[in-house]
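Enquirer: Fit chain A to the given chain P structure using the hints.
2 protein chains.
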Amino acid sequence: MTLLNKQIKLAKRPEGLPKPETWTLEENSLREINEGEILIKNYFLSLDPAMRGWINSSRSYIPPVQIGEVMRAGTVGEIIKSKNKSFELGTFVSGWGGVQEFTISDGLGFYKVDVKKSPPERYIGTLGMPGMTAYFGILDEGKIKKDETVLVSGAAGAVGSIVGQIAKIKGCKVIGIAGGKNKCDYIINELGFDGAIDYKNENLINGIKRNCSNGIDVFFDNVGGEILDSALIFLRKNARVVLCGAISQYNKNPIGPKNYLSLLVNRASIKGMIVFDYADRYKIAMEQIEKWIVSGEIKSKEDIYEGIENFHEIFLKLFNGKKLGKLILKIIK
Amino acid sequence: MTLLNKQIKLAKRPEGLPKPETWTLEENSLREINEGEILIKNYFLSLDPAMRGWINSSRSYIPPVQIGEVMRAGTVGEIIKSKNKSFELGTFVSGWGGVQEFTISDGLGFYKVDVKKSPPERYIGTLGMPGMTAYFGILDEGKIKKDETVLVSGAAGAVGSIVGQIAKIKGCKVIGIAGGKNKCDYIINELGFDGAIDYKNENLINGIKRNCSNGIDVFFDNVGGEILDSALIFLRKNARVVLCGAISQYNKNPIGPKNYLSLLVNRASIKGMIVFDYADRYKIAMEQIEKWIVSGEIKSKEDIYEGIENFHEIFLKLFNGKKLGKLILKIIK
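Order-wise, the sequence lines are chains P and A.
Using my numbering, read the first sequence as starting at 1 and increasing by one per residue.
Using my numbering, read the second sequence as starting at 1 and increasing by one per residue.
None of these hints come from the bench; they were simulated from the model.
Treat each hint with caution, since some may be false.
Intra- or inter-copy, both count: the list cannot distinguish identical chains.
[To be verified] Restricting the straight-line Cα-Cα distance to at most 30 Å, the calculated cross-link-like pairs of lysine-lysine (DSS-like) are:
(1) 237 x 12
(2) 322 x 299
(3) 209 x 258
(4) 301 x 322
(5) 237 x 283
(6) 6 x 330
(7) 116 x 181
(8) 85 x 181
(9) 237 x 252
(10) 258 x 12
Okay, chain P solo, but in the shape it has when bound (with noise of 0.2 Å):
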């Protein structure tokens, strides 16, 4: 019986936010697997702010997903048909099985999952690149110490949320900035944090003098524009900004922080980080928040909606900010 096979391919750029014309969804026959591959059925794709640069033309960290291609994406799923010795039928795995229902692989880039230890949605979300994202991010290039106070944008979602939650557990001071009430009161009373700041409705500067009173010494920022503006304001001596993302400015031309001289006096800075430059110790990382899940320490929401049809219209959340923890995708078979 041949299977079909329903992909999201990139059809368009976007100039701007992506519109229901960026995407095509095909139906295809799979091929026959050939000797050393494998066929995973995608259960849970995952949906992440970086996936809106890897369909701009320009020159990044990895190549972009070229027109007439199936969306990256980052997957689980589970092992339908095996040629390969390294690979077991009914094993899950993860890697970038791209957004559709079926992936057929030579295996590379994929590794197994323990979907007894965690649930399978789990392994692309606080176990996948959103938590070892967190998980390097804090430790590695913000170099938390105890006491230091931390201020984190994209606060609820599924990097930001993992960031705050592990500077709590290292004894930090831990502010969150996020958008509505529901978020705002989700980050302070589910996760933890010492203190929320709505962006939608209280002044930033406001609402960082109220919060940080001694000044920021981390400043986790997944979002940008004014909110990385407002936060450079407030920088202490040696202050670390880690630029994770900068969501508010990927869909228009982006606005440079106009207070960046704050970098200045106050010798702080400012890097960038990719998490695949931790691929090696992806391991230790995710050991560790595993451990931090089971003891309570730390709490992994994800926002599992259904359906690759809807992908265009899910992937929108992501930007329009009508979800809460870790999107992701269901591909319901």
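Expert: Chain A only, in chain P's frame:
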């Protein structure tokens, strides 16, 4: 005989570029020195871009100069009276003498300089703050390695010219940005830079592309604005931007670097530096730079003007580019 002391005091905080009314010139009688004090006759004073920041009212790395106070400036002079056993008559000292002909001090912050080894004015230039800034900025902050490409803005200035020469000594490819043919010829022909970009007569982006075909490993920025923004485009992976100054931005509302997301994709950093943080190692740096001057590997150029009455006009040369090398005011007695 009572000595008269001409002093430049801050009369009014400027908006934008300082104006004649920013300052007052007073002539006051000098009191007798007390036990433990010295009287210094100031021969040369240092004119530095940082001075513009010190006359703003805003929070910074040192307290602002207050209205009615003698303007802060680095000086080199001779002790002409001493009631302090640590300072002998006739000794030359450098320190914060301020914009005035004579300084009475308890000696705190003044250190002796050897005018037999180097001319006195060099101790407020290449062997003073600008030299220290260049040395620690390019070595400790820039962390240059052999064969890296280093771009320097303000390349014909007191700091930039030394930065570039040290980077050459360390085996880097060094490109300078300067305003006008004279300065560009100077940094190539006199200082040995590998290339020059005349930002007044060449498109910056073309100029950087032409000179830094493999991108930039270290950008040492004294200027900011469009120059910083253009340099960001060409950062290589793990590039370092040393934020030393932003002379193009000091007299207006600063513009943010809109290409800052280049830091993210290139895992690059911008870090601010203040030379005072390296005070415990000034001596080491001075000795090393002196050696390089003696060996001919570093050329030190002072651009000297005369007369405390001309302070305002000469100070503006920092911002209108009409000087070459370290700007110094000679105080005639």
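Enquirer: Against the structure shown, which of the earlier numbered hints fail to hold, in ascending order?
Expert: Checked against the structure, the hints that fail are numbers 7, 8, while the rest are satisfied.
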